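Student: Below, each chain spelled out in residue letters.
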Amino acid sequence: MSDDVAGNGAQGATGTDAVKAGLARMLKGGVIMDVVDAGQAKIAEDSGACAVMALERIPAEIRKAGGVARMSDPEMIMGIQEAVTIPVMAKCRIGHYVEAQVLQALEIDYIDESEVLTPADEASHVDKRAFTVPFVCGATNLGEALRRVAEGAAMIRTKGEAGTGNVVEAVRHMKTITQDIRRVASATPDERFAIAKEMAAPLELIEWVGLHGRLPVVNFSAGGIATPADAALMMHLGAEGVFVGSGIFMSEDPPARARAIVEATTHWDDPEVVARVSRGLREAMPGIEIGELGEGGLLQTRGW
Amino acid sequence: MSAADARRPRIGVLAVQGAVSEHEAALADVGARTSRVRSAVDLEALDGIVIPGGESTTFGLVAGESGLLDALRARVDRGLPVLGTCAGMIMLASGIEGGGPQPLVGGMDIVVRRNAFGRQVHSFEAPVDVPALGDPPVRGIFIRAPWIERVGPGVEVLAEHGGHPVAARDATRIVAAFHPELTDDRRLHRLFVEEVRERSAGTEHEEDTVVGAQ
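Chains as they are written, first to last, in my numbering: chain E, 1 to 304; chain F, 1001 to 1214.
Think of the hints as simulated: they come from the structure by calculation, not from any bench. Values in this document were obtained by computation on a predicted structure and should not be read as measured data. No residue lacks a Cβ here, since even glycine has one placed at the ideal position from N, Cα and C. Take every hint as true, because none was put in to throw you off.
One-sided excerpt, in silico: chain E residues whose CB lies under 10 Å from chain F:
{"id": "1", "residue": "G15"}
{"id": "2", "residue": "A18"}
{"id": "3", "residue": "R25"}
{"id": "4", "residue": "K28"}
{"id": "5", "residue": "D46"}
{"id": "6", "residue": "V88"}
{"id": "7", "residue": "Y110"}
{"id": "8", "residue": "P134"}
{"id": "9", "residue": "T265"}
Bound-form chain F, shown alone (with noise of 0.2 Å):
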C-alpha cells in the first residue's frame, strides 16, 4: 500500500443489517474510505473492518449460511483491525450469557451478556468516562444494550458503567456496548482508524504479523 492510501485505509462495514451508514459517515470523518461487507469477496483488500449495531442473530445467520462469517473469522484472526459496537461486541466475543447458542465471530477473550440493561424501555443514554478517548466523556447510547461480564487477561477495559465493562479492547480489536456512530462523537473511531493506519504503515498484509494466540 502506498503512503497515501496508508493515511486513508480502506475500511469495511459488516452490512448484512443494521445501522450501517452511520459508522460510514463517521469513517469518512475521520478520513477512512469504506466499503460494504455483504458477501466473502468484499472482504478482499480491507485494511479494517467495523461490525455495526443491528440484531446479531441475523448478522450471524445470513453471514453464516453465505460462509461470510468463516471468511470474516479467518481474516479477524490473523489480525485483521475489528470495531464491533452493540451487536457487533456480541459478535466478537469468545461467549455469549442471556440467549441461547447462536453464530459468532468470536476470538476476543470477553465474555458479553445480551439485553444486558433491559428492553428498550430500559435503553438510556448516560456520559461514559473513556480515559483512553479523555475529556469530555462520551455520550453514550445504550439500545438492548449488552454488557461485559468478564474479560481475559490480554484484555483492556476501556470504559464501565454501572458498574460493568461497557468498552473493551486487545490487540486488534475494539468493542463498545453503546453507539458512538449515534452521536456528532467522533473520537472512537479516530481511535480505530489510527491503530489501523498505524498497522498498515508497518506492513503489507495481517497475515505477515503475528498475532497473540487466542
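Just chain E, same shape as in the assembly (with noise of 0.2 Å):
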C-alpha cells in the first residue's frame, strides 16, 4: 500500500454495512491462516491464503500455556501487515472493545471476536455497528449467530474446538446451523414468533432466514481442521471458506500442508483433487480428543 494515499477516507462512505460484508464475500472459498510472525505470514500468503489472522500464539499453545490469553502485541501485528499483501485478521477478547478499538486505530482488515481468547466481559460482547473495520465471531448454533449479526458481526464463522486438531465440533457447529436454518424455513410466519424467542435471536433476522434459507452474512468454519480432508469436509457440509489455526503450523511440513488444504477447499467437491493433494504430507499436528478437555477446557462455550 502506498502511504501517500492511505488514509484518504474521503473517497466515500466507509463503514458501510456493504462494504464490512463484502469483504467477507471476497474471501469466500479461501483459507484464513493463523500466523504468529512475519515468517509464516509470508508462508501462508504463498501457500495461497486468502487472508491470515495474527496472533501471538496459536490456539493450541494458547490451551498448553493456560492463564489469560490476549490480544497480541501491536507491534507483532505491524510486521505481519507489513510482510503480506493480503487482508490481516487479528483476536480481541469477547466485550473487549478497548482492544477492538486498538486493532482498529492499526488498521487491521478484520476483527475476530474470539472465544479462543479469555472473555473480557461476561454480559455483553462489543457494539460492533460502531466500528469502520468488520468484525468476524464465532457461533455454535443459529441463534448465537444471529445475535452476533444484531450486534454488527458482518462475518460469522462455526466455533469448533479450537487448538484440538479435532473436526468433530465444527462439524456438530456446521450441522446445528444448517438444521436450524431448515427449521426456520419451513416454519410459518406465527412459529416464527415462538423459534425466535427459543433461539434468543431478533424476529427480524429469524424472518430474513426464513426468507432467504441461509445467514444474513458469511459463513465459515472453524475449530479442529488439521487436514485437506477436513477442510473439504466443512466445504461440503456448506461452509463458504475455512479458518485454520493450529492445524498448518503444528504440523511436521507447513508450507505443504497449507498448500494442499487451499487446493482441497477449491476442489472440496473433486475427491481425486483431495487425495493427490493429501499424499505425502508428513504428520498432522497431534489431535485431542474432545471428552479429556472436560468441561472447563471447552473453548467453544465461552460467549454465549
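Relying on the hints, combine the two individually framed chains into one complex.
Tutor: Structural data, given as C-alpha cells:
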C-alpha cells in the first residue's frame, strides 16, 4: 500500500454494511490461516491463503500455556501487515471493545471477537456497529449467529473446538446451524415468533433467514480443521470457506500442508484432487479427544 | 451456435476463490447461462468468462499450478470476452504496482495499483459516474480496491473516481475496481453479456477473429 493515499477516507462512505460484509464475500472459497510472525504470514500468503489471522500464540499453544490470553502485541501485528498484501485479521477478547479500538487504529482488516482469547466481559459482546472495521464472530447454532449479526458482525464462523485438531465440534456446529436454518425456513410466520424466543434471536433476522434460507452474512468454518479432507468436509457441509488455526503450523511440514488445504478448499467436491494433495504431507498436528478436555477445557462455551 | 443459444450465452465464472455466486446471480439476471471454472477443461464451450473479486494472489497460485492460468490466458489472448472486477481487474492487467510479482492472466494494456485506496478501514462506497452505462451513477462498492495507474492507447476509460481510472475496456475486456455484483444494478453485466452476444452472433469461435496485438 502506498502511504500517500492511505487515510484517504474522504473518497466515500466507509464502514457501511455493504463494505463490511463485502470483504467477507471476497474471502469465500478461501483459507484463512493463523500466523504468529511475519515468516509464517509469508508462508501462508505463498501457499494461497486468502487472509491471515495474526496472533501471538496459536490456539494449541494457548491451551498448553493456560492463564489469560489477550490481544496480540501491536508490534507483532504490524510486522505481519508489512509482510503480506492479503488481508490481515486479529483477535480481540469477547466484550473488550478497547482492544477492538486498538486493532482498528492499527488498520487491521477484520477483527475476530474470539472465544480463543479469555473473555473480558461476562455480559456483553462488543457493539460492532460502532466500528468501521468489520468483525467476524464464532457461533455454535443459529441463535448465537444471529445475536452476533444483530450486534454488527459482518461474518460468522463456526466455533468448533480450537487447538484440538479434532474436527468433530466444527461439524456439529455447522450441521446445527444448517438444521436450524431449515427449521426456520419451513416454519409458518406464527411459528417464527416462538422460534425467535426459543433461539433468543431478533425476530427480523429470523424472518430474514426464513425468507432467504441462509445466514445474512458469509459463514466460514473454524476450530479443529487439520487436514485437506477436513477442509473439504466442512465445504461439503455448507461452509463458505475455512479458518485453519493450529492445523498448519503445528504440523510437520507447514508449507506443504497449507498449500494442500488451499487446493482441497477450492476443489472440495473433487475427491481425486483431495486425494492427490493429501499424499506425503507427513504428520498432521497431534489431536485431542474432546472428552479429555473436560467442561472447563472447552473454548466453545465462551460467549453466549 | 444456434440463434437461441446466442441469446443465452454461456459465461464461466473463475471459481478458484472469491465472490463467485454473486456474479452467477447477476449473469443469470441478464439472461446468461453460467458455469464454474476450476480447471482448464471447464473453459471449453464458453462464450465469455468473469474473473470475480477475491484474492488475486490465491487465484494466481491455485490456477497457476493446475495449468488453468495458462489455458485461460491463451483463450483470453485469442479473444474470449472477459469481465474482471477488483481482483479480476488485477489479474487482467499487464503490470502491477503495490505488491511483489505474482502470476497473472495479463494482456490488457493497463497498469494497476493493488490496494490503492488503502486497507479495509478505508474501503468505501460512493456513486460513480459511468457514461457508457448512462444515468444514474453506479453505486460503487470499493473493497481494498485497486485503481488504474496508466492505460495504453487501445484502452477506453469507462469511469474515474478521486482522479483515478476505476473502470476501463478494450476490444474484448471490461474491468472495474468496484463490485457491481454486490448491488442490484445489472447494467455492467448487461453491457458485458451484450458484447458476448454480438461476438457470438458474428463468429463461431473467437479463434477465427483477429484480435489486436497486445
